[in-house]
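S.K.: Here is how the chains run, residue by residue.
2 protein chains.
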Amino acid sequence: MEIREFQESIRQIYLARDAKRGGDRTFLWFLEEVGELTRAYRRREQENVGEEMADVIAWIASMANLLGIDLEGEILKKYPKVCCLCRSNPCICPFAG
Amino acid sequence: MEIREFQESIRQIYLARDAKRGGDRTFLWFLEEVGELTRAYRRREQENVGEEMADVIAWIASMANLLGIDLEGEILKKYPKVCCLCRSNPCICPFAG
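Chains as they are written, first to last, in this note's numbering: chain A, 4 to 100; chain B, 4 to 100.
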């Protein structure tokens, strides 16, 4: 599935509710999901980690819809199949641990 | 761009470095980007918000690569173009603010 298609499906399913809730509270939902992803990762719950990653990305899509941000465009601009800093693939930046 | 294609490009660019760094420290980078997204949103820096969203999703892709998780599969499983709870489009769950 294309990233743009995913963002559009989240818009169709959730935009009316996201708009009613507003940006600040929708952002809190996103952060709650980040917490759930962190817990699943800490507990090494592999199945849950994948599901929580999907949730985090879905809430980012909700925020992007509220703010009029094109996620696919932003991703292609920042990561055009090369590192966003050294512009190489694979990345040859000084290693950051 | 397909979600799977994006995850694969992050694998090509960063997997060797992500593996050298390890999951725990890579997860810390993800959380750092969540912090940067939060700051950009709080400051209403629309341009930065889009870029930070791209960074957060890229670090999720790095974690997914390390853990052998197929992000597109997880997203399609959780959000098959209907709400993950009520299975409707648009969502008809009781409103959660």
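Don't take every hint at face value.
Only pairs whose alpha carbons sit at most 20 angstroms apart, straight line, appear in this in silico EDC-like list of lysine to aspartate or glutamate [claimed, not checked]:
{"hint": "1", "chain 1": "B", "residue 1": "80", "chain 2": "A", "residue 2": "27"}
{"hint": "2", "chain 1": "B", "residue 1": "81", "chain 2": "A", "residue 2": "36"}
{"hint": "3", "chain 1": "A", "residue 1": "80", "chain 2": "A", "residue 2": "5"}
{"hint": "4", "chain 1": "A", "residue 1": "84", "chain 2": "B", "residue 2": "27"}
{"hint": "5", "chain 1": "A", "residue 1": "81", "chain 2": "B", "residue 2": "50"}
{"hint": "6", "chain 1": "A", "residue 1": "80", "chain 2": "B", "residue 2": "36"}
{"hint": "7", "chain 1": "A", "residue 1": "80", "chain 2": "A", "residue 2": "11"}
{"hint": "8", "chain 1": "B", "residue 1": "81", "chain 2": "A", "residue 2": "5"}
{"hint": "9", "chain 1": "B", "residue 1": "84", "chain 2": "A", "residue 2": "27"}
{"hint": "10", "chain 1": "B", "residue 1": "80", "chain 2": "A", "residue 2": "39"}
{"hint": "11", "chain 1": "B", "residue 1": "84", "chain 2": "A", "residue 2": "48"}
{"hint": "12", "chain 1": "A", "residue 1": "80", "chain 2": "B", "residue 2": "27"}
Some chain A residues close to chain B (C-beta under 7 angstroms, calculated; not the full set) [unchecked claim]:
{"hint": "13", "residue": "37"}
{"hint": "14", "residue": "38"}
{"hint": "15", "residue": "43"}
{"hint": "16", "residue": "47"}
{"hint": "17", "residue": "57"}
{"hint": "18", "residue": "89"}
{"hint": "19", "residue": "92"}
To be clear, the hints were calculated from the coordinates, so they are not data collected in a lab.
No residue lacks a Cβ here, since even glycine has one placed at the ideal position from N, Cα and C.
S.K.: Please go over all the hints and tell whether each is borne out by the structure.
M.R.: Now the hints, each set against the structure:
Between residue 80 (chain B) and residue 27 (chain A), the direct Cα distance comes to roughly 28 angstroms. Violation of the 20 angstroms bound is thereby established for this hinted pair. Among the hinted pairs, residue 81 (chain B) with residue 36 (chain A) is consistent with the structure: their alpha-carbon atoms are about 14 angstroms apart, no more than 20 angstroms. Our distance criterion of 20 angstroms between C-alpha atoms is met by residue 80 (chain A) and residue 5 (chain A), whose separation comes to about 16 angstroms. For the hint pairing residue 84 (chain A) with residue 27 (chain B), the CA-to-CA distance comes to about 25 angstroms; that exceeds 20 angstroms, so the pair is violated.
Between the alpha carbons of residue 81 (chain A) and residue 50 (chain B) the distance comes to roughly 12 angstroms, so the proposed pair stays at or under 20 angstroms and holds. Taken as a hint, the residue 80 (chain A) and residue 36 (chain B) pair is honoured in the structure, with Cα atoms around 17 angstroms apart against an allowance of 20 angstroms. Distance hint between residue 80 (chain A) and residue 11 (chain A) is fulfilled; the C-alpha atoms sit about 19 angstroms from each other, no more than 20 angstroms. Among the hinted pairs, residue 81 (chain B) with residue 5 (chain A) is consistent with the structure: their alpha-carbon atoms are about 16 angstroms apart, no more than 20 angstroms.
With a CA separation close to 25 angstroms, the supplied pair residue 84 (chain B) and residue 27 (chain A) exceeds the 20 angstroms bound. Restraint check for residue 80 (chain B) and residue 39 (chain A): the C-alpha separation of about 18 angstroms stays at or below 20 angstroms, so the hint holds. Of the supplied pair hints, the one linking residue 84 (chain B) and residue 48 (chain A) is violated, its CA atoms being roughly 25 angstroms apart against a limit of 20 angstroms. At roughly 28 angstroms between alpha-carbon atoms, residue 80 (chain A) and residue 27 (chain B) are farther apart than 20 angstroms, so this suggested pair is violated.
Hint status for residue 37 (chain A) relative to chain B: holds, with the closest Cβ pair at about 5 angstroms, below 7 angstroms. A least Cβ separation of about 10 angstroms between residue 38 (chain A) and chain B goes past the 7 angstroms threshold, and the interface hint is therefore violated. The beta carbon of residue 43 (chain A) comes no nearer than 11 angstroms to any beta carbon in chain B, farther than 7 angstroms, and the hint placing it at the interface is violated. A hinted interface residue such as residue 47 (chain A) counts as satisfied when its beta carbon comes closer than 7 angstroms to some beta carbon of chain B; here the least separation is about 9 angstroms, so the hint is violated.
With a cut of 7 angstroms, the hint placing residue 57 (chain A) at the interface with chain B holds, because the nearest CB-to-CB distance is about 4 angstroms. About 9 angstroms separates the beta-carbon of residue 89 (chain A) from the nearest beta-carbon of chain B, more than 7 angstroms, and the hint is not met. Hint status for residue 92 (chain A) relative to chain B: holds, with the closest Cβ pair at about 5 angstroms, below 7 angstroms.
Figure legend: structure checked against the earlier numbered hints; hints not met, in rising order: 1, 4, 9, 11, 12, 14, 15, 16 and 18.
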